[in-house]
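Enquirer: Residue numbers (the numbering used here), protein chains in the order written: chain G, 3 to 264; chain S, 9 to 216.
Hints are computed from structural coordinates only; laboratory data are not their basis. Check the hints yourself; a few may be wrong.
Said to hold, decoys possible - Computed beta-carbon distance windows for the label pairs:
(1) S:Lys73 with G:Ala33: 54 to 60 Å
(2) G:Ala70 with S:Arg98: 25 to 31 Å
(3) S:Asp95 with G:Arg68: 17 to 23 Å
(4) G:Glu225 with S:Arg106: 26 to 32 Å
(5) S:Lys147 with G:Arg68: 23 to 29 Å
(6) G:Gly74 with S:Glu144: 38 to 44 Å
(7) G:Leu102 with S:Asp95: 51 to 57 Å
To be verified - Distance condition first, Cα-Cα at most 20 Å in a straight line; then the derived SDA-like pairs of lysine to any residue:
(8) G:Lys4 with G:Glu30
(9) G:Lys222 with S:Ser16
(10) S:Lys73 with G:Arg72
(11) S:Lys147 with G:Ala51
(12) S:Lys179 with S:Arg98
(13) S:Lys147 with G:Asp56
(14) G:Lys4 with G:Ile42
(15) G:Lys222 with S:Arg98
(16) S:Lys147 with G:Arg41
(17) G:Lys158 with S:Lys179
(18) S:Lys147 with G:Leu49
(19) S:Lys73 with G:Ile42
(20) S:Lys71 with G:Pro71
(21) S:Lys71 with G:Gly74
(22) S:Lys147 with G:Phe46
(23) S:Lys147 with G:Pro55
(24) G:Lys158 with S:Val13
(25) S:Lys147 with G:Met52
(26) S:Lys71 with G:Arg68
(27) S:Lys73 with G:Ala70
(28) G:Lys158 with S:Ala15
(29) S:Lys147 with G:Glu43
(30) G:Lys237 with G:Arg72
(31) G:Lys222 with S:Glu12
(32) G:Lys222 with S:Lys147
(33) S:Lys71 with G:Ala51
(34) S:Lys71 with G:Ala70
Where is the CB? At the ideal position from N, CA and C, for every residue including glycine.
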Amino acid sequence: MKHRTEEELIGYRFGEVNERMEIAAHLEECAECREELARIETVFGALDAMPVPDPGEEYGRRVWQRIAPRLGRRRARWWESQFAPQRLLALGGVVALLILAFVAGRWTKPRIPVRDEADAAKVRERVLVVAVGEHLGRTEMVLMELENAPAGKGQKPINISLTQRRAEDLVEENRLYRQTALNEGDQAMASTLDELERVLLDIANSPEELTPAAFETIRKRIEAQGLLFKVRVVKQGLDERKSNPDAKPAENKSRGTERNKV
Amino acid sequence: MADEVAASDAIAVRRTLGGDRDAYRVLVERHSQTVYRLAYRMMGNRHDAEDVVQESFLRAYQKLKQFAGDANFGTWVYRIAANYAIDRLRQRNTDEARREGPSKSGEDSPGLDPLSQVRDLSPSPERLAGSAQLAEQMKAALAALSPAERTAIVMRHWDGCGIEEIAAVLKSNSNATKNTVFRAVQKLRRAMAPFVERNEARAMGTEG
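Start from the sequences, fold in the hints, and give me the full structure.
Expert: Here you go:
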């Protein structure tokens, strides 16, 4: 009996030979070739046993943090980037904030110049606290809509286009508030806003119609990260700051502990 | 599910091309793990693998306009990573050859027998008793393959890529690529033979 070559057996193992049926028939009859194939198989077994160190669940995020500063601005078609609805909305929000901060600053302490700067900073912070509180309220609504949406039946796609439009608008706002929180040194708020941004981006970048399984994946992610809970905790902190403006921003121990629990 | 990921990727690509840099973040976070596994198996260590991952996503971003919208972004960035990793492996071989003097030449040169390096590294059968040693031996055997062979076996065995896909990365044709896969398996087999034979002998009770 003519035995099969090593090359033929390796090709057979990978499903790449033309004479697949003939080789299969030969292997039925030939114990020697079966043993040879089993010896070849040990190589693949040894390859499968090679470990790949797990880079961790947050690996994608770390990669993004490393490469983001090196990406540079992509030259968009200018009308798309400058007049995108969410950008206009966010820009409008920022302009309104600046005007409000300016007017409020003028209004509160017009006659004590030495305290003007400190007061203006306080006013700015209060305006930020109010604006971010409102933003978190809107984000909470979006997350709740997703969490409480009825489960899809069978394979019928779920349309999330309305929620998606809202998420798109919120992404832009969220980015500005995150940056402001960072500038103000409020790490806890910046970190929650960062997590929110990723989920909002996910929602905004999903297809308009999702299968129940894909929809469930997004929902589970919101649940697993405890985002609704975190949003409520930060919101509560902001409410406290609204009623007691001298309170320190949210880097207190209890909040850190709450976050770790989630 | 795969279709949905691809559709969602396509939206993120469009948004990135429209100037929304942060839309690219979705793509990076979604595909980093897959690219990392490929990179680690190609490079053999974490540090180089992480470099390959970062560089691949940077290159993908810079070339995004060339990305055909009907293709799958995951497959595309995977191929960019494979291309970059093979270049890095070739560079690494060249650097090593330069350091070790003129007697050692580049990949696939007829005078070079990469297996000889493995045999030199081979511990005696007594030392090759457990899976850690097996993994070490396999690591050395993989390191001794040429960059093309290593790429071929990683893409074919672990990631189940087709011959055409591997051929595109190797810039070769199907037949030559099939040969590269065959050569890689054959070399790994020879390198692992002492360990395998020892285990077989032990299993058959003929050792001694």
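Enquirer: Go through the numbered hints given earlier and state which of them the structure violates, listing their numbers in rising order.
Expert: 4, 15, 17, 19, 30, 32, 33
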